[in-house]
Amino acid sequence: MKRHLPWIIVTLCGIGLAQAGDFDKFLKGLIKEKLQPAAPAQPAAPAQPVAPAAPAAPVTAQQKPADQLLKALLSGNTSQEEELRIGQQISGNLLGAAPLVRDDGLQRYVNRVGRWVALQSERPDLPWRFGVIESEDLNAFAAPGGYIFLTKGLYRKLKSEAELAGVLGHEIGHVIRKHHLKLLQKSQAIAALGSFFGSKLKNENEIVQNLIGNGAEIVARGLDKDAEYEADRIGLVLSARAGYDAYALPAVLAEIGHVAKSDKSVSLLFKTHPLPEDRLGQLSEAVGERLDGLAEGQSGVGRFYRLR
Amino acid sequence: MRFWLVLLLLPSLALAMGTPAQKPVAAAPGNPGVMLRDDALKASPSTAADAVAKLGRGVKVRVLTNDGGWTQVYAAGKTGWVRILSVKSDLSATPNLGGLVEAGNRPHDPGKVVAVAGARGLDEVELKAARFNPDELALLDTFVANRAEAEQFAQLASLTRRDVPYLPSPESQASPSSMSKQP
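Line by line, the protein sequences are chains A and B. Position one of the first sequence corresponds to residue 0 (numbering that gives the first Met the number 0), numbered consecutively onward. Position one of the second sequence corresponds to residue 0 (numbering that gives the first Met the number 0), numbered consecutively onward.
Possibly wrong hints are sitting among the right ones.
[As the list claims (entries may be wrong)] Derived pair list, reagent style SDA-like, types lysine to any residue, alpha-carbon separation capped at 20 Å: (1) B:K41 to A:L290; (2) B:K41 to A:G292; (3) A:K224 to B:E123; (4) B:K127 to A:L290.
[Said to hold, decoys possible] Below, a sample of chain A positions facing chain B; criterion: calculated Cβ distance under 8 Å: (5) G75; (6) S78; (7) Q79; (8) E216; (9) K263; (10) Y304; (11) R305; (12) R307.
Since the hints were derived computationally from the structure, they do not count as laboratory data. Don't be surprised by glycine CBs; every beta carbon is placed ideally from N, CA and C.
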């Protein structure tokens, strides 16, 4: 541990001095430098928390040493297993804050609609999971690997299956474009470094937790605006491909736009997303005349599962 | 004690003062809006409905209500429906709270309203403090729909797959000068 002290001091000084992206790059370079020799050829680095497998053995998802995960994240080459591992941790934490609504019929229904929409994407075979969680806030969340949640408060605002499809489609968009992984890759260099040197971290769970920060705060952090606009475009298209009314997602946005901006139920949503009117404006511009020839899709209003 | 009370109230006071009072609605019905593109004014909210007028881009309308993906507008003495994305409700008359919303959500903001008992919210503090719940995660798995189940559901619902290409980002097509990069 002592030999790592200078590095930690350098890091701490760096945090104090620079907050620029350059520092991020510097850190990444530093980590890569430290990680690469630690990979297969050389004996494991002292701080390597889990690496029981022989260095030459093929690395499977379970055995994958922590530094492998860090490297994958930093290079942007996470495997599906690694994605799932991260998504699982985030989702387990989120469910710790807001459990699933105890309505099996509702949960099954949302999974069927959601999976059907996800099947229209380029990642149809992810193990997609959808859940409605106990919260009166209006919000929806996605985590890597195909975990999607929406709050009971938002579900209650929806008027049709097409609107549900649009909302789920937006979240599916975040997953298929790996928006959260990119966020982790961008902002977690410091945490990554911390976990690399943190010899106290015993297992992969702790490494992953260390990567995503405290609890489920990553879902409260927010993506950049362009990621949200992109997810809106994807949500609209995927639900239209699935046979639903393409204009259902815009209808949800308009509905949310009518909620007072000062209402507490939308404070986190509006903090982490552009305002509904801006999202509608962007969608309007993106759609233009492109959907003019498209036959009207289903609203599925008769099938829509009503909350008890 | 009173001093602290005043401190607590200050942010909301600032908010109230910085917010111009909502202008009283004029005699015209609905909210002001503007057409974002040329579109037909339909007699009812359906593509199959007859067009009662044509509205050009930039035409000022009164926005009455929404019905799914349709917006009811009043323009040129006629009431009808246009696609929700064809019209923009003019919200410039109402204050842009974007900056205030952000300020109100800063961690440890003294003016931050504490969750009302009973209404379960989901804020940053709760999310940060959240503990991994393996039971809920396992429960989630029991509701999963596999590909076959989802396809069967769609078939029963007569939902048919359609070919719709992804929409390009409008920014990638717009001229760079028309874009404003916000922080």
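Okay, the hints, checked on the actual structure:
1. B:K41 to A:L290: Within the cut-off at roughly 17 Å; holds.
2. B:K41 to A:G292: holds, 16 Å
3. A:K224 to B:E123: OK: K224 (chain A) and E123 (chain B) at ~19 Å, within 20 Å.
4. B:K127 to A:L290: violated, 41 Å
5. G75: Hint violated; G75 (chain A) Cβ to chain B Cβ min 20 Å, cut 8 Å.
6. S78: Violated. Min distance 20 Å.
7. Q79: violated, 16 Å
8. E216: With Cβ-Cβ at 4 Å, under 8 Å, it holds.
9. K263: This interface hint holds because 6 Å falls under the 8 Å limit.
10. Y304: Y304 (chain A) check fails; min Cβ-Cβ to chain B is 12 Å, beyond 8 Å.
11. R305: The hint is violated - R305 (chain A) has no Cβ within 8 Å of chain B, the shortest such distance being about 16 Å.
12. R307: violated, 16 Å
Violated hints for the displayed structure, listed by number in ascending order: 4, 5, 6, 7, 10, 11 and 12.
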